[in-house]
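Novice: Spelled out, the chains give:
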Amino acid sequence: MHTLIGLHAVLGEVGALAFLWVFVELLNPNESRLRRARIAALLGILFLAGAWFFGGFYYVTEYGAAVKPIIKSGPIPWAHSIITETKEHVFLFLPFLAILTWGLLKRYQNEFIQKRNFRMAVLLISGLVVLLAFAMAGMGFLISSGFRAALESKII
Amino acid sequence: MKPNSKALITSTIGVIWLIVGMTLLGEVSEPFKSFLVQLASHHWVGKGGIAVVAFVALYLALKKSKESEDILRGALIVVGSVILGGLIIFLFFLQHFFRV
Numbered sequence: 001m002h003t004l005i006g007l008h009a010v011l012g013e014v015g016a017l018a019f020l021w022v023f024v025e026l027l028n029p030n031e032s033r034l035r036r037a038r039i040a041a042l043l044g045i046l047f048l049a050g051a052w053f054f055g056g057f058y059y060v061t062e063y064g065a066a067v068k069p070i071i072k073s074g075p076i077p078w079a080h081s082i083i084t085e086t087k088e089h090v091f092l093f094l095p096f097l098a099i100l101t102w103g104l105l106k107r108y109q110n111e112f113i114q115k116r117n118f119r120m121a122v123l124l125i126s127g128l129v130v131l132l133a134f135a136m137a138g139m140g141f142l143i144s145s146g147f148r149a150a151l152e153s154k155i156i
Numbered sequence: 001m002k003p004n005s006k007a008l009i010t011s012t013i014g015v016i017w018l019i020v021g022m023t024l025l026g027e028v029s030e031p032f033k034s035f036l037v038q039l040a041s042h043h044w045v046g047k048g049g050i051a052v053v054a055f056v057a058l059y060l061a062l063k064k065s066k067e068s069e070d071i072l073r074g075a076l077i078v079v080g081s082v083i084l085g086g087l088i089i090f091l092f093f094l095q096h097f098f099r100v
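Residue numbers (this note's numbering), protein chains in the order written: chain S, 1 to 156; chain D, 1 to 100.
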């Protein structure tokens, strides 16, 4: 257990929930729902940026030296070689998708009430942020499992 | 000031493919990986830094461009780029793992 990993996971999950909130507000928008969606998207950007910072700090200062070699010597080395490698790079998409969502909400404000196409565009991107963020959590579970399996295999 | 939707969408698509390109290049080219390390002490931090700078630069370069009403098309290209780019990264590391 590591505080930085806890912060990374919590901030990432809350960020995902913020974009789920955006998605729900956009399903049947009015002025107050769109205002809330803009606030949720802005909060989502901040939470995902925090997840990026704390996860990145942990990855650079701890993971490479203390965790990666153990996973790679354990029974499921692919937890690092495939899952961590994919996660660390695909994660980088998320902050930009979050900024795009907020930017479109800010640009078109109340036009989403009338224009279904605009609504669909933001629904697609915010839904993608939610799915991608939860996929990151799933990959985090696989990486933790790889670490635990390596430790258990050395104890037993 | 309201953001320019075309600049935002294009910058996002550009940065997604830049991340995919830097990821693959970093694995196959040692000089490029060393350059990233020199830039920011860790290759991953280097990629993130370049992505942020590229996003801002692309947005600023395109912020005066004429916006399109068809942002759904742009959103679909963003979604397609994320799915395809993510798959390329995953498949690259999958084949790399089984080849080593």
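Calculated from the structure, these hints are not laboratory results.
Don't be surprised by glycine CBs; every beta carbon is placed ideally from N, CA and C.
Don't take each hint at face value.
25 Å max Cα-Cα, derived SDA-like pairs, lysine to any residue [what the hints assert, rightly or not]:
#1 S/K68 to D/L91
#2 S/K106 to D/M1
#3 S/K72 to S/G138
Just a sample of chain D residues kept apart from chain S, beta carbon distances all over 10 Å, derived [unchecked claim]:
#4 E30
#5 L62
#6 G74
Novice: For every hint, state whether the structure bears it out.
Specialist: A quick look at each hint next to the structure:
Distance restraint check for S/K68 and D/L91: the Cα-Cα separation of roughly 20 Å lies within the 25 Å cut-off, and the hinted pair is therefore satisfied. Restraint check for S/K106 and D/M1: the C-alpha separation of about 9 Å stays at or below 25 Å, so the hint holds. Straight-line distance between C-alpha atoms of S/K72 and S/G138 comes to about 19 Å, which keeps the hinted pair within the 25 Å bound. Here D/E30 stays apart from chain S, with its beta-carbon at least about 17 Å from theirs, past the 10 Å limit.
The non-interface label for D/L62 is consistent with chain S: the shortest C-beta to C-beta separation is roughly 12 Å, beyond 10 Å. With a closest Cβ-Cβ approach of about 7 Å to chain S, D/G74 is found to fall inside the 10 Å limit, against its non-interface label.
Hint 6 from the earlier list is the only one contradicted by this structure; the remaining hints agree with it.
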